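Asker: The listed protein sequences correspond, in order, to chains R and D.
Numbered continuously in this note's numbering, the first sequence closes out at residue 257.
Numbered continuously in this note's numbering, the second sequence closes out at residue 319.
Hints are computed from structural coordinates only; laboratory data are not their basis.
Here the structure is a predicted model, which is why all the values come from computation and not from measurement.
Ideal Cβ placement from N, Cα and C applies to all residues, glycine included.
Don't take each hint at face value.
Listed below are several chain R residues computed to face chain D (Cβ distance under 7 Å; list not exhaustive) [as the list claims (entries may be wrong)]:
(1) L34
(2) E119
(3) L125
(4) G146
(5) S181
(6) M191
(7) K192
(8) A228
(9) L229
(10) V236
(11) R254
Some chain D residues flagged as far from chain R (calculated, every beta-carbon gap over 12 Å) [as the list claims (entries may be wrong)]:
(12) L217
(13) A218
(14) T220
(15) K307
Okay, the calculated bits of chain D under chain R, using three or more residues with CB under 8 Å as the criterion [as the list claims (entries may be wrong)]:
(16) 72 to 83
(17) 95 to 101
(18) 142 to 148
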Amino acid sequence: MKAWDRVLNARNVNRPLSSDYIKALFDDFVELHGDRLYKDDAAIIGGIATLGGMPVTVIAQEKGKNLKEKVRRNFGSPNPEGYRKSLRLMKQAEKFGRPIITLVDTQGAYCGLGAEERGQGEAIARNLMEMSSLKVPIITIVIGEGGSGGALALAVADRVWMLENAIYSILSPEGFASILYKDSTKAKEAAEVMKLTAQDLYELDVIEKIIEEPGAGAHESFEAIALNITALLIEEISVLKAMPIEDMLEERYARYRKFL
Amino acid sequence: MANIFKKTKYVKMNVVSKQEAPSVPSGLWVKCNNCGEVIYKEDFHSNLKICGSCEKHFRLDSSTRISMVLDEDSFEPMDEDLQTRNVLDFPGYDKKIKGLKESTHLNEGVVTGTGAIDGNKVAFGVMDSRFMMGSMGAVVGEKITRLIEKATEESLPLIIFTASGGARMQEGIISLMQLAKTSAALSRFNDAGGLYITVLTDPTSGGVTASFAMLGDIILAEPGTFIGFAGPRVIMQTIKQELPEGFQRAEFLKEHGFVDKIVARAEIKETLSQLLMLHGF
Ligand SMILES: [Zn+2]
C-alpha cells in the first residue's frame, strides 16, 4: 500500500475519532475542562476514567463528527489553552499517581492569530519539557493524524503506538510539499518520501507498536481494534508500573535522546 | 568595539528593498532596506550590523556573535565533527549540506562550546541563519542537547542565541524528535538548578520556538526580531485576514508576556554579565 493511501485512510470521514475510543476503551469517564488561565479548548478532551478498573487520566485530540462539531472543536487543531489544559491534567495525574493515556489525532497545532498571541510555541515547549519528567507512566496512541509539534506536545511518552493506517510526521504532506517542492499539490509525492506511515516509524524506532486494523481500516473493524487496545494498554501499564520510577524516566529520556 | 556608536550619515534614499540583508549599491556602501539609509560598509560592520539611522538589527553570523559576547579567545567549540545524515534520502540534501559547509565553514546550523563572559565560564550556543536558516535537524538537536548536558554536568550557566526557521523538513520525523530531545535535556538541567538564558534573534520560529527557545529561565530578544510558532504566510492562509502591524515581533511578544526584556545588540554582553552576577556568578 502506498503511503498516500494511508494518508487518505487516516483522514477517512468514517474513521473512528478520539471520542469513539474514549467510549470504547474506558469506563466511568468524567470530562474535566479548562486550563485555569484563559479558557477551555474543545480541540482537546481531557478527563479521568477507569481502564480495567484502574483510574487513568485521558487526554485526546478530537476533530469532531459533523460540521458543527468540527467547527466547535476547531477540526482538532488545538490552541495554546488546549496544551495548557493537557499539562494541568497531566500534573494532576502525577499528583494522584494515575497513568496517562493520550490519543493523538491532529493535523497540527492551530496557526491562528490568537494562538500566536497566547504563545503556541511556549505552550508546546513546556509540555515537551514537563512530560519528559512526569513521574507516572505515559502511553500515547496515534489514532489518525499526528501532525508536527502539535502532535508531539501530547506524545512525549514511555510508549508510542500507532494504528496501522495512522500517520505521524514533521508536517502535513501538503505543508511539506509546499515548503520543499514549492507546490502544495505535490502532497502525494511528498507522502512517499516523508516516512510517515506506522511501518516507516516502527523501522525508525519512533514507535514501539503497530496496532493492526483488520479489513479496510479502523472504520470497518473498530470493535476488534478497541478490544485489542484495551488489552494492550492494561498489560503495558502494569509493566511500566512495575518499574522503579527512576528507571522509567531514564528509559523515557533515552527514548528521545537516541535520535541522531 | 570602540566605534560601535559612531554614525556616518549620508544622503537618504527612500527606496525600500524587499531583501532581508541590506543591499549593496557599491562595494563600499550598503543600503538599509528598512529606512533606505546608505551606510558606509565599514561603519555598518563596526556597528555590529545595526543601521545607524533606524536601528534595525540585521542578522549576524555566529562568529561575529561569539566575538561580540564572549571574552576574547575564551571560546572552545564542541562537537564540530558531527555529520549530517540524509535520513529520508532526500534528493539534493547531501549536496546542499556539503556546499554550505564549504561556504560557511560551519559543520551545521549551530555553533556550541564553552566560553567566558567577563571571566565567568558559560555553556554557549549560537545558531547561524546562513546554514539552512538555522533549521534544526539531528545534528543541531544533538549539539544543543550535548551543550545542555555539559552545562548540567559542570554546573555551568547556559546561554543560547536562537536564529532558526524551525525544524528541518529534509530530515522529517527525526527533526521533530529533536524538539523532545532538547526539551527533555532542559528538564534535567532545570532539576539540577541550572540557569538558562535564551536570546532570541531574527528569526526564531517553528520547532525551535516550540522547544528550547521558549524554555529559558530568562528570555531576552533583540529589537524587531521575528518570533513565532507559525509563519505569517501560513497564518494569513489559515485565518484569511491581514496581520496587524508589528505582529510576531519581539516587542509584540514582550507585550503579550512571552519575552522578559528586549536588549539592543550593543548591550547584550553587559546584560548577560549582570544577570550572571545576579545569580551568584
Ligand atoms: Zn535603517
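Asker: Confirm or reject each hint.
Answerer: Each hint tested on the structure:
1. L34: 11 Å, violated
2. E119: 4 Å, holds
3. L125: Since the shortest Cβ distance to chain D is 4 Å, the answer is holds.
4. G146: 4 Å, holds
5. S181: Since the shortest Cβ distance to chain D is 10 Å, the answer is violated.
6. M191: 5 Å, holds
7. K192: Holds - the Cβ of K192 of chain R comes within 7 Å of chain D, reaching about 5 Å at its closest.
8. A228: At 28 Å from the nearest chain D Cβ, A228 of chain R fails the 7 Å test, so the hint is violated.
9. L229: Interface hint status for L229 of chain R: violated (23 Å vs cutoff 7 Å).
10. V236: 21 Å, violated
11. R254: 6 Å, holds
12. L217: Label violated. Min Cβ-Cβ 6 Å, cutoff 12 Å.
13. A218: 4 Å, violated
14. T220: Label violated. Min Cβ-Cβ 8 Å, cutoff 12 Å.
15. K307: 26 Å, holds
16. 72 to 83: Coverage by chain R is violated here, the residue count being 0 at a Cβ distance below 8 Å.
17. 95 to 101: violated (count 0)
18. 142 to 148: violated (count 0)
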